[in-house]
Amino acid sequence: METLGVKDIYGNIAAHNGALNAYLQVVPEERLKPGAGPLSGVCLGVKDNIAVAGLQLTCGSKLLETYVAPYTATVVERLVAAGATVTGKLNLDEFAMGSATTYSAYGDTKNPWDEERTPGGSSGGSAAAVAAKMCDIALGSDTGGSVRQPASYCGIYGYKPTYGTLSRYGLTAFASSLDQIGILARRPGHIRELMQVAAGRDGRDATSIEAPSFDAQAFDPAKMRIGVIAEYEKNMGPAVRPAYDRCIETLKKAGATIVPLSFPEYDTVISVYQVIATAEASANLARFDGIRYTARAEGCSFRETTAASRGRWFGAEVKRRILLGTWVLSRAYYDSYYLRAAKVRTVILNRWKEFFGKVDMVLTPATAGTAFKRAEQPDTFALYLEDLFTIPANLTGMPAIAFPAGTHDRLPVGLQLTADLSRDGLLLDAAAWLEKNVMGFATIERGCRHDAI
Amino acid sequence: MTKPSDDIRAVYELAALTGEKDELTAMEGHFERMFKHLADLSRVPVERVEPYFTLPLRELPLAKDAPAPSGVEAAIRGTFTQEAEGFLVVQRVVNRGGDACVEGEEE
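First to last, the sequence lines map onto chains G and F. Each residue of the first sequence is one higher than the last, beginning at 1438 in the working numbering. Each residue of the second sequence is one higher than the last, beginning at 22 in the working numbering.
Okay, chain F solo, but in the shape it has when bound:
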């Protein structure tokens, strides 16, 4: 079993993910293969080509951005049981025991 490289560890960190060592090693093999495959993107000439991030506006008549009340806010507010000083109180994770951080502790 090879050791996962710093690259894969850094990407896990960036992606806010955790994984066991075996998983990281397996991912490394997958991405090696994946990046080899993605190299075929360089076969297509793209000089002076504009990138396509979303369908060009001229292609289709888009809707006006006019949100209608969905009732979501009321539904969400209904899930909070406590209010303090004008703020909704979020229930914290409690009773984790052992050496875990205590209730309300934040970095």
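For reference, chain G alone in the conformation it holds in the complex:
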């Protein structure tokens, strides 16, 4: 992997992190331990909900302000063993719940293309750091699009592997049946190199799976059937449409067959996600009880201490999600919401399996538009709709990659390819072909307003 080098990366951190607030903790340059192996020289940024022993693990929450991880996530362990060096911990929405990195207790992260705009979220710190060359590559987590949406807003690649391909050991759980560690990079080839080292079974995560092959294969678009979804085409904004049409045109010219598909349940994905993700979050976040970990409010009993600690230090969005999850799991609501959402999830999985009987990959926008201004952030409810295009890959476990496909008004536009379970290699082959034939990071970089980048 071609790397920028420690000097340049730390120079960029010194120059830009003050303005962008991408890193929450930077490992001092003199404390870096250069590693040996295939990833030697790679500077790795890690989202601050993934454990690295000895470094903070705040999850963007005041509740964990002083918490230091006692162990290292399997993915990080494998990358470091292959020679990568961790440069620090990256900002995120609190407990990865958000789409703009404005719900972090440690301040907003800004988009390197335009600091008035959001980098997306929840892996906004990871996306901004990669786009602004403050690391070579970054880890994020993707529960409903939290790697792919910020990658799209920052003009880089964001990849969510097939569920189980990367071990979740060491990732702070949000919604365990949806969570996957993902990778943000300036080049798809970098993602491949990381996956060759990090993917595969892990005895510490029983949902981890045998890794598919990540060796590069020749990609021939003429042999590809690419699905496009009619309902999504109606919902993409005018900023995305030209890039989407251009990408389809390029694929067609190269011989690909474009296959129209219909996804009648497309507008229920937000509801299914909201019910399932919040239900799982309400259980997962029960561990933050004011007794273990850090911040503890005063109380005369366990229950009082717990409620006071959580009430005081959880942010509003985390509370909203815990409350909704608790509500839909309560006896009166379980059947009509939680159980029903789990059944609709099966319908969605079957629909996407049916797609992959007809096509090799599905092309969609990654987001409906370009990065919005932080001062004009949509209300909480509208923000949930940001994930319309990305959620299906989480509900089905399928792999997906967001890639830069153009610019609109000097801001990056991202599209997304989704493939069938364990066909991750195909996605990376396609992304590498698109990098040469549609657009890559280097092309977008020239439009960047951050002159020094």
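Just so you know, the hints here were simulated from the structure itself, not pulled from any lab data. One thing to keep in mind: the hints can contain errors.
[To be verified] Derived contacts from chain G toward chain F, CB cut-off under 7 Å, selection only: (1) Pro1658; (2) Glu1702; (3) Leu1760; (4) Trp1764; (5) Arg1777; (6) Ala1779; (7) Lys1780; (8) Val1781; (9) Thr1783; (10) Val1784; (11) Leu1786.
Cβ coordinates follow ideal geometry from the N, Cα and C atoms, glycine included.
Chain G is already provided as a structure; the job is to place chain F on it using the hints.
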């Protein structure tokens, strides 16, 4: 400003959360809107459909559940400074002053 309903208070209690009255009222408005939106789940026919709680085992070759020693236990034990009668002693919240409960008091 309307009074938060008993429902929202009950859910706060179930979720082990506290919040000011204004927060509870705002949450009530949010959930009213949220539940209206969630009603679209009933549009999809789900008769004879099995719920999907986690990826079906047949889809992917799952790892065997064989945990390897992580060193976590030793790291955690290292954070305790006292041991009494074979138990690790957890440091209590102290010096809260005023009418607060005294050290070691439990419900």
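Taking the hints in turn, this is what the structure says about them:
{"no.": "1", "hint": "Pro1658", "verdict": "violated (28 Å)"}
{"no.": "2", "hint": "Glu1702", "verdict": "holds (6 Å)"}
{"no.": "3", "hint": "Leu1760", "verdict": "holds (5 Å)"}
{"no.": "4", "hint": "Trp1764", "verdict": "holds (5 Å)"}
{"no.": "5", "hint": "Arg1777", "verdict": "holds (5 Å)"}
{"no.": "6", "hint": "Ala1779", "verdict": "holds (3 Å)"}
{"no.": "7", "hint": "Lys1780", "verdict": "holds (4 Å)"}
{"no.": "8", "hint": "Val1781", "verdict": "holds (5 Å)"}
{"no.": "9", "hint": "Thr1783", "verdict": "holds (4 Å)"}
{"no.": "10", "hint": "Val1784", "verdict": "holds (6 Å)"}
{"no.": "11", "hint": "Leu1786", "verdict": "holds (6 Å)"}
Hint 1 from the list above is the single one not met by this structure.
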